[in-house]
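Student: Here are the chains, one letter per residue:
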Amino acid sequence: MSGPSLMDSLFQRTLEDLIKGLRQQLIGEQAFISKALEDIRKEIKSTDLSTKSTALLKLSYLSSLHFHDMAFASFHALEVLSSPRFSHKKIAYHAISLSFHDSTPVLLLITNHLRKDLTSTNEFEVSLSLQCLSRIANVDLARDLTQEIFTLLSSNKLYVRKRAVAVVLRVFEKYPDSVRVCFKRLVENLENYDPQILSAVVGVFCELACKDPRSYLPLAPEFYKILVDSKNNWVLIKVLKIFAKLAPLEPRLAKRVVEPVCDHMRRTGAKSLLFECVRTVVTSLSEYDSAVRLAVGKVREFLVDEDPNLKYLGLQALAIVAPKHLWAVSENKEVVIKSLSDADPNIKIESLHLVMAMVSEHNVAEICRVLVNYALKADPEFCNEILNSILSTCSRNLYEIIVDFDWYVSLLGEMSRIPHCQKGEEIENQLIDIGLRVKEVRPELVRVARDLLIDPALLGNPFLHRVLSAAAWSSGEYVEFSRNPLELMEALLQPRTSLLPPSIRAIYIQSAFKVLVFCLHTYLMQRESTTSSACPDNLPSGVSASVSYESFDGLSVEDGGDAAVTHGLTSTSASMTDESIVNLLNLVEIALGPLLGSHDVEVQGRARNVLGFVDMTKLDLLNPSAQEEKGLERKEVEASKTIELMHDAFSEELGPVSLTAQGKVPLPDGLMLKENLGDLEMICGDIQLPSSNSFSFGTPSNEQKVGVSFSNLQIKEDFEQSNESTSLLAEHRKRHGLYYLPSGKSEIISNDYPPANDHTSQGNVNDNSDDLAKLTEESLFPKKKPNHAKPRPVVVKLDEVDEKPIAMKKPEAKDDSLSGAVRDILLGSEDVIPTSSRSNLSDKPSSKRRGKEKQDTDPHVESKENLVDDGNPNSRRRKHRSHGKERRHKSPRKKNAEEREDNGQKEKEKSTHRHGRHKSRQRADELLNVSPQTPVIPDFLL
Amino acid sequence: MEDFFVHLQFSGHCIYIYIYIYIYIYIYIYLEAKTFEQIQNSVWFLEWAERGAKMIKAVMVMNTQGKPRLAKFYEYLPVEKQQELIRSVFAVLCSRAENVSNFVEAESIFGPDSRLVYKHFATLYFVFVFDSSENELAVLDLIQVFVETLDKCFKNVCELDIVFNYSKMHTILDEIIFGGQVLETSSTEVMKAVEEISKLEAASNAITLIPKSASGWRSR
Chain A
1 MSGPSLMDSL
11 FQRTLEDLIK
21 GLRQQLIGEQ
31 AFISKALEDI
41 RKEIKSTDLS
51 TKSTALLKLS
61 YLSSLHFHDM
71 AFASFHALEV
81 LSSPRFSHKK
91 IAYHAISLSF
101 HDSTPVLLLI
111 TNHLRKDLTS
121 TNEFEVSLSL
131 QCLSRIANVD
141 LARDLTQEIF
151 TLLSSNKLYV
161 RKRAVAVVLR
171 VFEKYPDSVR
181 VCFKRLVENL
191 ENYDPQILSA
201 VVGVFCELAC
211 KDPRSYLPLA
221 PEFYKILVDS
231 KNNWVLIKVL
241 KIFAKLAPLE
251 PRLAKRVVEP
261 VCDHMRRTGA
271 KSLLFECVRT
281 VVTSLSEYDS
291 AVRLAVGKVR
301 EFLVDEDPNL
311 KYLGLQALAI
321 VAPKHLWAVS
331 ENKEVVIKSL
341 SDADPNIKIE
351 SLHLVMAMVS
361 EHNVAEICRV
371 LVNYALKADP
381 EFCNEILNSI
391 LSTCSRNLYE
401 IIVDFDWYVS
411 LLGEMSRIPH
421 CQKGEEIENQ
431 LIDIGLRVKE
441 VRPELVRVAR
451 DLLIDPALLG
461 NPFLHRVLSA
471 AAWSSGEYVE
481 FSRNPLELME
491 ALLQPRTSLL
501 PPSIRAIYIQ
511 SAFKVLVFCL
521 HTYLMQREST
531 TSSACPDNLP
541 SGVSASVSYE
551 SFDGLSVEDG
561 GDAAVTHGLT
571 STSASMTDES
581 IVNLLNLVEI
591 ALGPLLGSHD
601 VEVQGRARNV
611 LGFVDMTKLD
621 LLNPSAQEEK
631 GLERKEVEAS
641 KTIELMHDAF
651 SEELGPVSLT
661 AQGKVPLPDG
671 LMLKENLGDL
681 EMICGDIQLP
691 SSNSFSFGTP
701 SNEQKVGVSF
711 SNLQIKEDFE
721 QSNESTSLLA
731 EHRKRHGLYY
741 LPSGKSEIIS
751 NDYPPANDHT
761 SQGNVNDNSD
771 DLAKLTEESL
781 FPKKKPNHAK
791 PRPVVVKLDE
801 VDEKPIAMKK
811 PEAKDDSLSG
821 AVRDILLGSE
831 DVIPTSSRSN
841 LSDKPSSKRR
851 GKEKQDTDPH
861 VESKENLVDD
871 GNPNSRRRKH
881 RSHGKERRHK
891 SPRKKNAEER
901 EDNGQKEKEK
911 STHRHGRHKS
921 RQRADELLNV
931 SPQTPVIPDF
941 LL
Chain B
1 MEDFFVHLQF
11 SGHCIYIYIY
21 IYIYIYIYIY
31 LEAKTFEQIQ
41 NSVWFLEWAE
51 RGAKMIKAVM
61 VMNTQGKPRL
71 AKFYEYLPVE
81 KQQELIRSVF
91 AVLCSRAENV
101 SNFVEAESIF
111 GPDSRLVYKH
121 FATLYFVFVF
131 DSSENELAVL
141 DLIQVFVETL
151 DKCFKNVCEL
161 DIVFNYSKMH
171 TILDEIIFGG
181 QVLETSSTEV
191 MKAVEEISKL
201 EAASNAITLI
211 PKSASGWRSR
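From first to last, the protein sequence lines are chains A and B.
Residue numbers in the first sequence follow UniProt numbering, run continuously in steps of one, and reach 942 at the last position.
Residue numbers in the second sequence follow UniProt numbering, run continuously in steps of one, and reach 220 at the last position.
Everything labelled a hint here was simulated from the structure, so no lab data went into it.
Treat the hints with care, as some may be off.
As the list claims (entries may be wrong) - Think about it this way: if two alpha-carbon atoms lie no more than 20 Å apart in a straight line, the pair counts; the simulated DMTMM-like pairs of lysine to aspartate or glutamate are:
1) B/Lys168 x A/Glu123
2) B/Lys168 x A/Glu16
3) B/Lys168 x B/Glu196
Whole structure, please, built from the sequences with the hints as guidance.
Tutor: Following this line, the structure appears as structure tokens:
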């Protein structure tokens, strides 16, 4: 049986049967559905439309609620659509709006069905087809049906008209030309007194204005009228949204609007409208102090309301107002902080943002204290949210708001001990970064690191491994500040380190190496000083080393760090007895011995390094009793030389690496850049070639004494040089912006940063934390600069990005005429039309002349016409940037205009051709291209 | 040229005026190159088309077990994506306590500029997803309107009513929201329209019975 018979259609399951069956099935839902789908596939091929439509309905149900694709039925849906019966049509339209999309192959077959139903006398049929159109319309559908929609826009059935208004949004979106046809009628509907129509039109304009507010400025009087007159909250909300978009563009409009908005705010009982007023004021009218105060007063009411919705929205409003009026937040500080412990996660997060917005240099410690206490009690998710916001706020702009770094470092340590903490990576980065950038904090950093390292419990928490790696690294790097290196060594080599992942374990071993070298060196120094008191001939290197020590000591004393550090140092050296050294070496051997067989190359390699070093020095060091013997004496000297060498290698300070260090990499030879940017070569060459020096930082330890200072000097020179050349580059960029790639930012920034590792400059600036703040400010500027300049190169690339800069520029360029015009409108009676504004606005002769011509015509019509092509000045302005396109556009335009001339005749033709149109597709297209413009012509003529 | 025009006007040769106006328009358009393509290319239409402007993006009704009872997306989405979205919405909703706010951070699920408002009635969640062109509290009211309408329509609505009245649910929703825009906020108006539509459907089905059986007889 190929075709379904009468029996099939008689015993067909209806949708209700299907649902019941689905609820009672015993064979499993999926099995039942696939059986049902099989039936549907059969039924849907039926020639009987009732059977077909029922099958389609069932399929829609399964598609909508059980997520089975129904694309295979798209043609069947069209067949059902052709049924004359309303119930079938309804099912078909439902199925179509569920499953059709732009690439559905049969999409265009629907045009005539839609057209038929759009012109139907039954308003519900019209509504169905409009609904469908609002969902599936593409360019072709929108173009082909513009005429029908235009007719419906003035339908006398409100039910139809408001839907036609709503569908215009989709039609405009898909087929912008229809703006010329329909805009006039759309605006006419703005003056409709039926609240439903008004609500629909305002909704459409709200959406349109969100996209391109400027074009709708001339309509401001109409909106203003609605704002003042309307009693409907829905309409008022939408109008407020429109004004929130328009007001920032036109200060005088804002001035005019602020009073009615405040009126609504005082009078209304509806919370939704009240909140919309508040939001409008805080987003767009924040210069008007009285309005903001009123709004903040209302926000306060929201905040103390027990309805969590209002509380949440109140906090949101505060968050919007915070950047400009911080006082609003501080006034409500208690409520905000109390909300941190609210049951609602939304409220908690919102209040957290507000709390962070209040943070400043003065209260950062206090606020962080409060927050960390909250984090201890909070659930894991919110705890990490808190930690995250603390970390990001404090590290903003290179720790701009931190004055007391000792406090901050200990806070970081404390934060990593919070049980739910999962921010190990961020804490790691900040610990190391601060260690590199801020010299004074290093003793404290080492102390914090020691506390972390020494606690065996922390090793068991995988989230903390990253923090521990930072702790290990900094305690190795800055071991000279450690009070007790031996204890540190034990911590670094404790058995539980086997819980660490290999990469971090390698860091531990490397740090242990550094600590070991430090201990041995101190031990040797001690011994030398005792022997040197006996015999005056001293090793020169020993002198220099002690000098360097003194400078370290002096430094820590100078900057007001507690004397304990110096104390610690002396006690350290005192504690380096022969015995402790022996223990130390044994410990290293025992701990690292097994690692020689590690599978991880990093771990294995580093362990080997350390053990090799121990082997080399051990023999000599461990025979203090035999010291007097001459042979050993020589060996001893060799060992101490080695230690000296290693120590010097490790005491070479590491500086922070510029974010843009990558930009200093010389251009690879094969890169195509040179071809297009030939004229840049001379300029770029200067920067990039010498800067390769900045990568020679891994100076071999032997030459380091001489090498460092030398390379530093060189860098400084290069640095200055490159500064010059980049200013040239920047200028060139300004002039020839369009040859630059948009992301060339790093080139500009790189020079203003200290080069990687340039610790001389770093050291100078870092003398105290105030200077650091200055440094951060300085380094802030270059960061910002490219951001400002950034939009510029993008301008050329694509039209898309064009909008922003234009919007920024326009106010200045057009201010006089435009704002003057709007003021005229706003100050005049409400019946005055944007005509004047229009003729002022466009200074081209053409529009003036049109204005003149139209003066004796109905002012309303005129205004509408103006609005219709309001988008055009914009597009023309844009055009200046895209010269290339101009030519291409002209020819079609020409054709269009020609077509337009004999439009009148063709229109007659068109009406006769209407029915047979799909047969002669080509022709119909041509006609349709013309037909939408017919209504515009009278405007040009009048 | 302007003077020339005025002169023509005064001379009263209407036909000429029209011809000249055409020529003028032609020149004007040609020179200023106000082509449609440019409008089309202009920024906001492109951006808009990409974003798919919709005020209300989706309406969902699901029960407390996460079974969808009604799902309506105002932009086309493949069914798999729909399922995924409903699942992730449910995952968020079921983790929320009673007596907390009705708003949920939705940008992680629905992309930037999206908000989610839900309301919990008995065994059902009513969820509306929308963008910044709607007011949160107004949408909350809208959910109320929707539920009130259902209540009027089904007389003390319960989950079963919603389960078994798939088409009617969509009819009601379509009366309230049209292509993502809120068109009707009065439940009596909605009821009126829904009743009319039901009548119309019933009438058209009544007619169908006769021809169907007749054709059936003939084919035998």
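Student: If a hint holds in the structure, say so; if it doesn't, say that too.
Tutor: Each hint, compared with the structure:
| no. | hint | in the structure |
| --- | --- | --- |
| 1 | B/Lys168 x A/Glu123 | holds, 18 Å |
| 2 | B/Lys168 x A/Glu16 | holds, 12 Å |
| 3 | B/Lys168 x B/Glu196 | holds, 12 Å |
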